[in-house]
Structures are given as structure tokens and as C-alpha cells.
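Dock chain B against the given chain A, drawing on the hints supplied.
There are 2 protein chains.
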Amino acid sequence: MAQPGPLAGITVVDLSRILAGPYCTLLLAELGARVIKVETPTGDDARQYGPFTNGKSTYFASVNRGKESIALDLKAPGDREIFERLLDKADAIVENFRPGTMERLGYGWETLHKRYPRLIYAAASGFGHSGPFSHYPSYDMVVQGLGGIMSITGNPGEPSPRIGTSVGDLAGGLYTTIALNAALLHRERTGEATKVDVGLFDCQLALLENAIMRYTTSGEIPGPLGARHPSITPFEAFKAQDGDIIIAAGNDGLWLKLTEALGHPELAQNPNYKTNPLRNQHQPQLKAEIDAILSTNTRDHWLSVLEAAGLPCGPVNNVAQAIAHPQVEARNMLIEVDDATTGPLKLVGNPMKFSAFDDPHTRAPAPDLDADRAKILRELGM
Amino acid sequence: MAQPGPLAGITVVDLSRILAGPYCTLLLAELGARVIKVETPTGDDARQYGPFTNGKSTYFASVNRGKESIALDLKAPGDREIFERLLDKADAIVENFRPGTMERLGYGWETLHKRYPRLIYAAASGFGHSGPFSHYPSYDMVVQGLGGIMSITGNPGEPSPRIGTSVGDLAGGLYTTIALNAALLHRERTGEATKVDVGLFDCQLALLENAIMRYTTSGEIPGPLGARHPSITPFEAFKAQDGDIIIAAGNDGLWLKLTEALGHPELAQNPNYKTNPLRNQHQPQLKAEIDAILSTNTRDHWLSVLEAAGLPCGPVNNVAQAIAHPQVEARNMLIEVDDATTGPLKLVGNPMKFSAFDDPHTRAPAPDLDADRAKILRELGM
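Protein sequence lines correspond, in order, to chains A and B. For the record, in the first sequence the residue sitting at position 74 is 74 according to my numbering, with numbers rising by one throughout. Positions in the second sequence are counted from 1; adding 1000 to them yields my numbering.
Keep in mind the hints are simulated off the structure, nothing from the lab. Source: prediction; values computed, not measured. Glycine included, C-beta positions come from ideal geometry on N, C-alpha and C. One or more of the hints may lead you astray.
[Claimed, not checked] Selected chain A positions facing chain B (Cβ under 10 Å, derived; list incomplete): (1) Leu31; (2) Thr58; (3) Gly164; (4) Ala183; (5) Val196; (6) Gln204; (7) Glu209; (8) Pro224; (9) Ala237; (10) Gln241; (11) Ile246; (12) Cys313; (13) Met333; (14) Asn350; (15) Lys353.
Bound-form chain A, shown alone (with noise of 0.2 Å):
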């Protein structure tokens, strides 16, 4: 049932839900790991979230492919002895529930630690196992706007927006996986193992980069830029008659190229356009002049003659333009799933390509509620 990968052989216990843990255990699968989600009696939430097709939810069918389900009550004896039996077996547990829970279902990590000595312990929770805030609850737009990546984001004097997408989730089962990976590494190597333990908000700071070093070397707090960079010019959007086109000029030799693609070497001349630093500084003149220099033409016309150039460009895509990119076919990103119950779904692919290991175009479906459950059981000799 595993697809084939690196960590083919690797089991996972998954007790997590909606977003966070299960974007982790959803890499972990597509990377080979066999991941057996341990679900509540009444599931996972997510199974709740829309959009539905046939009643099931394709936003827990899309995070969730290529899992298995067995549905426990953790307090309940005989539940918990499956549960147990289960991390004999397993190579790793992961988990997001908020701290504590797990200590007061008597499988803290100390507990399990001495029980199940080989077993990894992975916790992704809103502010991570220890400090002040460890016990507040927390859900991705939480650390969005806590993390203050949405106070760098979007239009100068207009409302802060969210992310379009969770990064305040996916960023914290992206460090949590990797972390993971690194444990069951170290494990390989040493035999001991490890509790990793992610903090969302903690995440956050880390994806915010190079704002964090400039506001603590300059004490300017960034704000929002709209489509540019801040410290690289010309390094943005710019208006076409008919659409936005992104220029990415990264370097000064991109630069002077630019000027030529566009017909106006004398742009290289201006005292004010000679180095980066110099461009960064005169970024509204520049933009002014590119933007009136791209308006006498269409995006089209304006793309090709840059990608002729070799100049980094491209349009604003939307997202059924982003998935008609001839690219996504050739890399195979957008998979099937032959979902009984939803009838056939197209879900975005792994960006993780092996030479050693198949991509194949395929995935499992996600499990219905406790579908694994005799599976699971015969296995256990249960």
C-alpha cells in the first residue's frame, strides 16, 4: 500500500489532526512511510470541512491520501491495548494536540520513552511544549498574525490579509517533518531516540527570514511592500497593457540585460540605476519608467521577448493557470486518486523527486473512518 520511497519500511503512528500533523504525516507517505491514523471514535475534524463531494470532504481526502484509519478510544482498555500494540510496531508517533494531552492519556513522552525506547516522538502544537504560552490554543491564522508574517504582506496602508494559503499549518508540519526525518537518521546511526517538539509560532518567525535580521541590525519594522522585494530592485510587478508581469532582476548583470530587452540601454546610464543598493533606493522612479515602458505592449508580447533575453519573468498566475503550466504535467504535480465515495481527484503531487524511486501517478485515497480497523487487527494477531 506504501508508495515507494526512502523511507519505505517506516511505520508511523498518527494521531493527528486537521492540518499541521497531518501535512506532516501526508509527507511522510509520499516519501514511503506506511502511516496508520489513529482517529477519535468520531474522526479527525477535518472530516467536517467542506468542500464536500458526496458528502465526504475532499479538503481531508486531499491531506490524507495514502493513510490507513483505525478508530480508538484512547480511554477505553481495550482500545488502548490495540494503541499499545500498535506503538510496538512503530517507528515513530506524531501528534498535535495541545501540550499535556497526551500525559493526561497517559502517553507522555517520558512514558513512552521508557516503554518503547526505539520510538520517536514528533509534537507539532501551537507554541510548542515549554514557555508561558505553551497551553493556549492555537489555529494557523493564530500565528499568522501572531508570527507577523501578515504585517509584511500586502499594500501599504490597506488591511493586513492572511496568507492565501495555512503556512501557519504547513509550516509547522514542513520543520516537523524534516525534523523527523533527521530523528529516525540519528536513530539509524545511534539507536537513541528522540522527542522533537515544533512550536507553530516558532515556525513563523523562522519563515520570516531576513525581516527579523533587518528589524534587530536597523530597528525599522519592515512593513507591507506590495508585490516587491525589499531589498532587491527592480525585483517585482509591473503593469502590461493587459496584466501584471513579474520581473526578477537579481543581479546586475540580469540589469543591464533587462535594459536592453526593453529597448532602453539608456537606463544603465543613470547614476541612480548603477548598483542594487542604488536601484533599491530609487525603487518608485524605476518602477515609474519600467511601468511606462511595459504599457505600450501586451503581457504576452512583454514575456516573450524577456524569456528570449533569459531574464527571470512571468505572468500572475491564478491557480487554474498555475496548474496549466506545461510544467506540472512534465513533473507530474497534479495526481489521481480513485476515491470510491468522491468518484476520481486531482490533488497537487510531491515536489520531492528520487532517481532511486518511482513517481508514480497514482495515489491511494484517503481512508473512510476506521476502515483499517480487521486490517489492523489480524496484523496484531488481535
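Leaving out everything else, chain B in the frame of chain A:
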């Protein structure tokens, strides 16, 4: 020199420049790997990116802390010999050139794999190493535009903003790190080394999460939604007297709690608000009602009321407010680097915490160009 961590003993030869590759190797260094940055004689382009302190790029300093540097001209025979001796000792090589560059240098995967059968090769390029656009140049902002994330971010009717942080490059770095760690595990378990091929454009699609599923199942093209979630309500920014508050009521229980905390339990009786799908359908009306309630008092008042009720909520912080959050110090998310040129720097810490490893408060600085040449040559016996 390396940090304590699960990748202790792993050596990475890093040919990457600017951000996507260097962000991957920053994470590897944070996880305990030794990262040897092999730069051209003129150095990583990012050494020219501002802001500068005492002439040194703090942009470069933030992404390259804890790495070593040797400058090599890979077209010069003597330097090629040094490079090849380095690869003898390396576990992995990371590069983010345009596809074909390594082949032209005689160091493509096929060649390296024959000579160094245990060497893992990780490439992060704009469009990946296959497909008709493979050879196109790319930068962060180009893939942000192409991949669709800009089109679902921002306020309806306004120009699409760039995500304020370089999620094009950062996502590429994150997925490359996951894949590389998985490849290290696979090698440890089987002896087989693999090439990892990550395209930044593919990673943008992967980050779209449910937007692709929403489009492929409904045919509707997702647009920007300001500061709200597409399928959960209430899950957005609301207006108190003196500022915005994010409230994320991700399930019916939290919704009921919210109506009580706001002092308006009658909202829960409105048939339009009974379930999440209904609330999502009547979002404009519900937002107006909650805004009206919040406008009767201050942000701090409502945050303390909502926090006391256990509701996921928070302010929209700027970067200064974000790093002043008490959790930042408690989680060691602002570390210190004592850089001889710039003076002390405060940079974002590592969001991946392990029970088995310390998370020190200081890090080694980013290297000057070629700073570690003598030591490296000595180690190689050259």
C-alpha cells in the same frame, strides 16, 4: 564547530547561492551537520545584498551562520582537485544552479554517482531537472507569481501582493531538506545514494494545499479573501476599537464558546449560524455582527476576555511585536551571533527542538569568503 544535533557527523558540500539552497544548508547546520560552502572566487551573490553593517551583508550573515567557506574556481585544475578530495569525505552535495551547470563542470549526478557511490546529490532549481521549462531562469518572486499563491493572497479587487517573505525560495529549501534527510536515512539503511531533484515552482503548487483541490473539484478559481479562511467561519481578523483581532473558531464547540464570551449567546440560535458550512455561507453577515460587538471595546479587553474563555485568538503583530512575545525568549527563538565584522547579531533561532540535544543561545557567525581554506586543506592533507 558544528552544533549538537541529529545530523552530527554528516558533512555537506554546499555549492548553493542566494537563498533556496543556502536555506536548506542553514537548516542542516542547525541540525548538526558540518556545512562547507564552496564559493566562486567572487563569492555568493548574497554577499552583495543589503542591509550592510560595517560593509558586511547581514542578509548573507543571517542565512549562512555556522557554515565554513572555501573559494574554488571549479574550472581550474588545482581547485578541482581540492573539490574532488572534499567530495571524498562528504555525505551530500547541495546545489541550486540552473540545470546543466553541474554537467558542464563535469560534476553532473551520473558522473558523481559513479565516482562517489555513497554521495547524495540534492538540487534545488527553479523548475526542476526535467520538463520543457527546466532550463528557464527563476527567482523567488517569479515562482510566487507562477505558482498561484499571490492570486489567493490579498484583498479582493486590489493588486496581488508578494508574500512578504521569500516563500518561493524558503519552500524550496524546506522540501529539499526533508528529501535530503530522507535520502540520508535511506542510504544508512540500504547503502544506496540517490539524487534529490526539487523545483521551486513545484513547491509553490505543493504549498497551495486545498486551493488546488477546491479548483479541481468545483471548477471555481479561488481568489483572494482578505484576512479570512476559505472554508472555516469565523476564522479571520475582526475590528476592535483600536486594532484587529484574529479569532479562529475552528469547530462548533469553539463557536458556542465564542458567542458566550462575546456576551451574545443568541447568535448561536440564529439558524444561519448553526453549522460551519452555514456560517461559511453567511460569512459577511456574521463578520458584520462580530465587528459591531468588538467595536464596543478595545483590542486588549477582548483579547483577555477571549483568552480567558480558551478561544484561539490573537493580535496582528508587526515584526517588533512578534519577537517581543514572551514565548520567543522561552523558546530560544532569537539567538545571538558574535560576528567580528558586524558586531553582535540577533537572528531567528531553530524551530526544531529535540529532547536529545541542547539548543544553544549562540551560533557561529557566517564565514568570510574563503575563511576556512587553510583548515580544510590541512584536513585533506594538501
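Verification of the hints:
Interface restraint check: Leu31/A against chain B, minimum CB-CB distance 5 Å, threshold 10 Å, status holds. Interface hint status for Thr58/A: upheld, as the beta-carbon distance to the closest one in chain B is roughly 5 Å, under 10 Å. Interface hint status for Gly164/A: upheld, as the beta-carbon distance to the closest one in chain B is roughly 3 Å, under 10 Å. Checking Ala183/A against chain B by beta carbon gives a least distance of about 5 Å; that is within 10 Å, so the hint holds.
Proximity of Val196/A to chain B holds as hinted, the smallest CB-CB distance being about 6 Å (cut-off 10 Å). With a least beta-carbon distance of about 8 Å to chain B, the hint placing Gln204/A at the interface is held under the 10 Å criterion. A least Cβ separation of about 5 Å between Glu209/A and chain B falls short of the 10 Å threshold, and the interface hint therefore holds. The interface hint given for Pro224/A is met, as the beta carbon of that residue sits about 6 Å from the closest beta carbon of chain B, less than 10 Å.
The beta carbon of Ala237/A is positioned within 10 Å of a beta carbon in chain B (closest approach about 7 Å), and the interface hint is therefore held. The criterion of a C-beta within 10 Å of any C-beta in chain B is not met by Gln241/A, whose closest approach is roughly 16 Å, and the hint is violated. A hinted interface residue such as Ile246/A counts as satisfied when its beta carbon comes closer than 10 Å to some beta carbon of chain B; here the least separation is about 4 Å, so the hint holds. Against a cut-off of 10 Å between C-beta atoms, the interface hint on Cys313/A holds, since the closest Cβ of chain B lies about 6 Å away.
Checking Met333/A against chain B by beta carbon gives a least distance of about 5 Å; that is within 10 Å, so the hint holds. Residue-level restraint check for Asn350/A holds (minimum Cβ-Cβ distance to chain B is 7 Å; threshold 10 Å). Proximity of Lys353/A to chain B holds as hinted, the smallest CB-CB distance being about 4 Å (cut-off 10 Å).
When the structure is compared with the earlier hints, a violation turns up for hint 10 alone.
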